[in-house]
Amino acid sequence: QVTLRESGPALVKPTETLTLTCAFSGFSLSTSGLCVSWIRQPPGKALEWLALIDRDDDKYYTTSLKTRLTISKDTSKNQVVLTMTNMDPVDTATYFCARTVYVWGTSRPNYFDHWGQGALVTVSS
Amino acid sequence: QSALTQPASVSGSPGQSITISCTGTSSDVGSYILVSWFQQHPGKAPKLMIYEVDKRPSGVSNRFSAFKSGNTATLTISGLQAEDEADYYCCSYGGYSSVIFGGGTKLTVL
Chain B
44 QVTLRESGPA LVKPTETLTL TCAFSGFSLS TSGLCVSWIR QPPGKALEWL
94 ALIDRDDDKY YTTSLKTRLT ISKDTSKNQV VLTMTNMDPV DTATYFCART
144 VYVWGTSRPN YFDHWGQGAL VTVSS
Chain S
2 QSALTQPASV SGSPGQSITI SCTGTSSDVG SYILVSWFQQ HPGKAPKLMI
52 YEVDKRPSGV SNRFSAFKSG NTATLTISGL QAEDEADYYC CSYGGYSSVI
102 FGGGTKLTVL
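Protein chains in written order, with our numbering: chain B, 44 to 168; chain S, 2 to 111.
It is worth saying that the hints were derived from the structure and are not from the lab.
Don't take every hint at face value.
Said to hold, decoys possible - For each label pair, taking beta carbons as the anchor points, the in silico distance ranges come out as:
| # | chain 1 | residue 1 | chain 2 | residue 2 | range |
| --- | --- | --- | --- | --- | --- |
| 1 | S | T109 | B | V133 | 39 to 49 Å |
| 2 | B | K102 | S | I34 | 18 to 28 Å |
| 3 | B | K109 | S | N63 | 37 to 47 Å |
| 4 | S | V61 | B | R48 | 33 to 43 Å |
| 5 | S | E53 | B | K88 | 33 to 43 Å |
| 6 | S | G16 | B | T106 | 27 to 37 Å |
| 7 | B | W147 | S | V61 | 18 to 28 Å |
| 8 | S | Q82 | B | K109 | 39 to 49 Å |
| 9 | B | W147 | S | S32 | 12 to 22 Å |
| 10 | B | S168 | S | D55 | 24 to 34 Å |
| 11 | B | W147 | S | P15 | 21 to 31 Å |
| 12 | B | V45 | S | H42 | 13 to 23 Å |
Every residue gets a Cβ at the ideal spot worked out from N, C-alpha and C, and that includes glycine.
Start from the sequences, fold in the hints, and give me the full structure.
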């Protein structure tokens with residue numbers, strides 16, 4: 044059974060750095076073709092893909108936030124961590140991590156087949 | 002990359018069929034079969050309903066079908082049921098290992 048769970052602060056102040064952890068089970072990041080993504084959703088708004096990391100430690104980021112995001116992994120702990128610097132109230136959102144399946148033999152993300160329940164992060168002073 | 006374009010809302014009566022369109026560009030939807038659809042109920046995580054344009058994951062009802070033509074992908078839900086009322090999002094590979102989501106469509110079952 045594949046499960047993912049996000050954890051992190053519910054409230055951060057403007058300009059602070061957000062650190063979120065995705066703890067997962069039921070699969071390994073050392074498995075070819077699998078990776079983990081972070082996706083966020085502001086209240087009442089659409090989903091936005093943020094970043095992904097794969098077993099080779101290759102990392103990909105959405106262009107608009109690339110300078111503020113860092114994704115990392117601890118394969119032995121089955122965890123993926125996302126940091127976002129210089130938080131702003133517009134970054135208030137539910138942050139999801141999701142298991143991501145690559146197109147076989149490529150680094151093209153294909154689909155997100157398992158999601159965590161999400162972590163709501165509010166940015167406010 | 003801009004978000005894929007979806008209608009803000011659609012509605013239908015129980016038993017009817019509805020379609021939700023998802024329009025991208027020749028750089029995303031038009032270039033790849035890597036189009037997927039998600040269902041999201043309020044307060045819940047998205048659920049994968051369709052991947053690779055028209056494939057259903059195990060356990061997803063065959064009332065859900067989809068196809069793509071050019072830069073537009075379309076989701077069809079037939080035999081509408083009350084439980085189908087949710088938000089629906091399309092998603093496409095956007096090149097250079099990136100992903101783009103649509104703006105979302107709220108489905109109301111009348």
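Hint by hint, here is what the structure shows:
1. Separation of S/T109 from B/V133 is about 28 Å and departs from the stated range, judged on CB atoms against 39 to 49 Å.
2. Here the CB-CB span from B/K102 to S/I34 is close to 25 Å, well matched to the stated 18 to 28 Å.
3. Roughly 40 Å separates the CB atoms of B/K109 and S/N63, a value that falls within the hinted 37 to 47 Å.
4. S/V61 and B/R48 have their C-beta atoms about 23 Å apart, which leaves the hinted 33 to 43 Å range violated.
5. The hinted window of 33 to 43 Å between S/E53 and B/K88 is violated, with their beta carbons roughly 26 Å apart.
6. Between S/G16 and B/T106 the beta carbons are some 44 Å apart, a value that contradicts the proposed interval 27 to 37 Å.
7. Distance hint check: the CB atoms of B/W147 and S/V61 are about 21 Å apart, consistent with the given range 18 to 28 Å.
8. Under the hint 39 to 49 Å, the C-beta atoms of S/Q82 and B/K109, about 42 Å apart, fit the expected range.
9. A hinted range of 12 to 22 Å for the beta carbons of B/W147 and S/S32 is consistent with their spacing of about 18 Å.
10. For B/S168 and S/D55, the Cβ-Cβ distance of about 48 Å falls outside the hinted range of 24 to 34 Å, so the restraint is violated.
11. About 40 Å separates the C-beta atoms of B/W147 and S/P15, a value inconsistent with the hinted range of 21 to 31 Å.
12. Checked against the given bound of 13 to 23 Å, the beta carbons of B/V45 and S/H42, roughly 20 Å apart, stay inside it.
Checked against the numbered hints given earlier, the structure breaks hints 1, 4, 5, 6, 10 and 11 and satisfies all the rest.
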